[in-house]
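Trainee: Work out the full structure: start from the sequences and follow the hints.
Protein chains: 2
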Amino acid sequence: MTDSFGIVDVQKAQKALQGHIFQTPLAKSQKLDKALNADIWFKCENMQHTGSFKFRGAYYAISQLSASERLAGVTACSSGNHAQGVALAAREFGIKATILMPEDAPEIKIRRTKSYGAEIIHFDRSKVDREVLIKQITEEKQATLIHSFENFNIMAGQGTVGLEIAEQLKAFGKKPDLVAICCGGGGLTAGVSTALSALYPEVDLYAVEPEGFDDTARSLISGKREKNTKLSGSICDAIITPQPGELTFQINNKLLKSAVCVSDEEALSAVNFAATELKQIVEPGGAVCLAALMFKKIDVSGKTVAVTLSGGNIDAAMLTKALETDTHLG
Amino acid sequence: MTDSFGIVDVQKAQKALQGHIFQTPLAKSQKLDKALNADIWFKCENMQHTGSFKFRGAYYAISQLSASERLAGVTACSSGNHAQGVALAAREFGIKATILMPEDAPEIKIRRTKSYGAEIIHFDRSKVDREVLIKQITEEKQATLIHSFENFNIMAGQGTVGLEIAEQLKAFGKKPDLVAICCGGGGLTAGVSTALSALYPEVDLYAVEPEGFDDTARSLISGKREKNTKLSGSICDAIITPQPGELTFQINNKLLKSAVCVSDEEALSAVNFAATELKQIVEPGGAVCLAALMFKKIDVSGKTVAVTLSGGNIDAAMLTKALETDTHLG
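So the protein sequences, as listed, match chains A and B. Mapped onto my numbering, the consecutive letters of the first sequence carry residue numbers 1 to 330. Mapped onto my numbering, the consecutive letters of the second sequence carry residue numbers 1 to 330.
Treat each hint with caution, since some may be false.
Below are the BS3-like pairs computed for lysine-lysine, each with C-alpha atoms no more than 25 Å apart in a straight line [what the hints assert, rightly or not]:
no.	chain 1	residue 1	chain 2	residue 2
1	A	K297	A	K224
2	A	K170	B	K174
3	A	K174	B	K170
4	A	K114	B	K28
5	A	K31	B	K114
6	A	K34	A	K296
7	A	K174	B	K15
8	A	K28	B	K170
9	B	K297	B	K224
10	A	K321	B	K321
11	A	K15	B	K174
12	A	K114	B	K31
13	B	K34	B	K303
14	A	K15	B	K96
15	A	K96	B	K34
16	B	K15	B	K170
17	B	K114	A	K28
18	A	K170	B	K15
19	B	K321	B	K297
20	B	K230	B	K135
21	A	K34	B	K114
22	B	K257	B	K224
23	B	K15	A	K28
24	B	K296	B	K257
25	B	K96	B	K135
26	A	K96	B	K31
27	A	K257	A	K170
28	B	K321	A	K170
29	B	K174	B	K296
30	A	K114	B	K34
31	A	K170	B	K28
32	A	K12	A	K224
33	A	K28	B	K28
34	A	K31	A	K174
35	A	K31	B	K96
36	B	K15	B	K174
37	A	K15	B	K296
38	A	K34	B	K96
Hints in this document: simulated from the structure, not taken from any laboratory.
Mentor: Encoded structure:
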């Protein structure tokens with residue numbers, strides 16, 4: 001089935017999303033470029049509507065439903081970024097969204113998801129099997145589940161981030177040697193990798209995960225989908241998933257060079273650096289690629305590099321904590 | 001003399017700055033657009049090298065010095081953004097910069113100015129006449145003063161912000177009906193106004209100042225350069241000046257429709273909104289135009305609007321304080 005998913009699907013999504021999403025800019029830090037001897041471009045998906053790339057996939061997936069499917073409403077399960085994406089997209093289509101959110105989701109994400117008019121149902125991330133619960137809720141409501149990554153339309157929507165990276169680098173006369181992508185279930189990673197590997201067959205694609213939630217890294221090594229032992233316990237809430245998706249892993253296993261992981265402390269340090277140097281509000285899960293570069297998990301010396309800053313929905317207390325860390329780059 | 005300053009000077013600066021400055025993006029908030037019934041675009045000069053637009057003018061002004069002038073080094077007086085701009089530009093030209101900074105400048109600005117290799121001399125903003133002191137230091141060092149606004153090359157460099165706003169809006173198929181510019185001494189305001197009034201003769205241009213430092217607003221009414229009674233006491237340190245510049249006011253008096261002012265509380269609330277909704281780190285003085293829109297100091301209903309976010313060098317404590325305010329927009 002993955003053989004049927006390709007850049008044309010991502011290009012089709014891009015066309016459908018035109019005028020509905022914000023074409024987020026690339027940002028740059030002279031200081032980081034000098035420190036790492038590289039030409040590094042940050043794709044600012046923190047500036048996307050709802051504060052993360054998730055709106056892309058959510059809007060596109062809902063746009064592809066039939067009129068009767070849309071009428072019955074949609075459901076989703078998410079710690080908050082996909083939740084906001086689905087909630088806003090549902091509002092724009094004038095339909096009902098019911099969202100399953102873990103109790104320990106950041107307060108800002110719960111508040112913002114509500115502000116888009118979605119109904120929220122909370123669950124305990126460490127005790128409840130969210131896949132079972134969301135299936136049950138979806139059946140009760142006779143709605144359509146908009147899965148956060150196991151859905152080719154979601155992957156296609158998120159993949160438009162990759163097409164934009166390519167277009168924007170091209171406008172600067174550049175092409176990427178290496179791209180690092182924030183990875184939870186692997187939807188953004190699969191979509192961006194599909195787009196960029198088609199455009200640049202030589203590009204090295206990396207997924208970046210939080211320490212303790214390195215399911216994709218271990219799965220790439222073993223060749224089969226490995227599970228995480230924990231279901232909570234990282235500040236990178238946006239990219240904690242039990243295991244890689246079946247559909248996303250088929251793609252990522254084929255296209256990724258490798259996956260690396262960063263600690264919570266490294267992610268926080270990257271949040272600080274993004275705030276201080278890039279002047280961007282980025283949440284820990286959205287800063288893992290920057291952290292991977294800062295802490296030399298990926299060698300970028302001499303390369304043109306694109307990196308996703310995938311979201312910016314961070315609570316004030318967490319941002320304040322990040323601003324107290326040492327950025328290790330002065 | 002102002003008759004000799006026009007858009008061609010700004011265009012010349014743009015050409016000279018190509019490859020040296022970062023073409024900062026425009027950002028957008030759906031929430032603000034809906035709340036104000038307007039199409040509002042934020043020019044993110046917080047993302048410029050050094051974290052403010054000041055690098056543009058500083059680099060261009062230094063590039064226009066003779067080789068022997070450059071050899072003798074430069075001086076500047078600034079609370080920190082022009083300081084960083086001059087310090088980094090001087091480092092890029094391999095010359096010495098001596099910067100006069102008020103003692104109460106934000107710590108982040110002092111630290112970053114030092115990090116670019118400048119020598120810093122502190123003074124008491126409320127007691128010392130900075131124009132006299134900087135003149136004395138400049139003579140002692142036989143250096144060239146890079147004034148933060150009374151310099152046509154500085155105005156031309158800052159004006160490139162206006163040219164980029166025009167180009168970027170044009171790429172979205174838009175033209176501005178109204179532009180609001182953060183205003184201290186008036187260099188950015190004069191440069192941007194010169195560029196945009198030449199391109200759009202119908203555009204309404206507004207300067208925005210902090211309450212208690214509304215020298216430009218009062219000067220526009222009286223028709224002559226009015227002084228502020230205080231020399232310190234606003235968190236908008238970036239845009240506190242004793243009075244409008246002689247050169248800048250001649251231009252601004254001719255081109256501006258009006259100037260409005262915002263309180264420190266309103267500026268802080270705008271810093272919060274920029275962080276939460278635009279995901280941008282903006283300092284209070286860089287957020288005054290956003291504040292002017294949020295608190296209805298300027299009527300933007302039904303209009304296409306461009307607004308400068310002029311800088312993002314804010315101390316962590318001030319940002320934390322801002323995040324505790326109510327944004328008044330949910």
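Trainee: Next step is simple, just say for each hint if it's right about the structure.
Mentor: Hints, verified against the model:
no. : hint             : verdict
1   : A:K297 to A:K224 : holds, 23 Å
2   : A:K170 to B:K174 : holds, 24 Å
3   : A:K174 to B:K170 : holds, 24 Å
4   : A:K114 to B:K28  : holds, 21 Å
5   : A:K31 to B:K114  : holds, 14 Å
6   : A:K34 to A:K296  : holds, 14 Å
7   : A:K174 to B:K15  : holds, 20 Å
8   : A:K28 to B:K170  : holds, 23 Å
9   : B:K297 to B:K224 : holds, 23 Å
10  : A:K321 to B:K321 : holds, 13 Å
11  : A:K15 to B:K174  : holds, 20 Å
12  : A:K114 to B:K31  : holds, 14 Å
13  : B:K34 to B:K303  : holds, 12 Å
14  : A:K15 to B:K96   : violated, 52 Å
15  : A:K96 to B:K34   : holds, 21 Å
16  : B:K15 to B:K170  : holds, 19 Å
17  : B:K114 to A:K28  : holds, 21 Å
18  : A:K170 to B:K15  : holds, 20 Å
19  : B:K321 to B:K297 : holds, 23 Å
20  : B:K230 to B:K135 : holds, 22 Å
21  : A:K34 to B:K114  : holds, 17 Å
22  : B:K257 to B:K224 : holds, 15 Å
23  : B:K15 to A:K28   : holds, 21 Å
24  : B:K296 to B:K257 : holds, 16 Å
25  : B:K96 to B:K135  : holds, 17 Å
26  : A:K96 to B:K31   : holds, 20 Å
27  : A:K257 to A:K170 : holds, 23 Å
28  : B:K321 to A:K170 : violated, 40 Å
29  : B:K174 to B:K296 : holds, 23 Å
30  : A:K114 to B:K34  : holds, 17 Å
31  : A:K170 to B:K28  : holds, 23 Å
32  : A:K12 to A:K224  : violated, 30 Å
33  : A:K28 to B:K28   : holds, 19 Å
34  : A:K31 to A:K174  : holds, 19 Å
35  : A:K31 to B:K96   : holds, 20 Å
36  : B:K15 to B:K174  : holds, 23 Å
37  : A:K15 to B:K296  : violated, 37 Å
38  : A:K34 to B:K96   : holds, 21 Å
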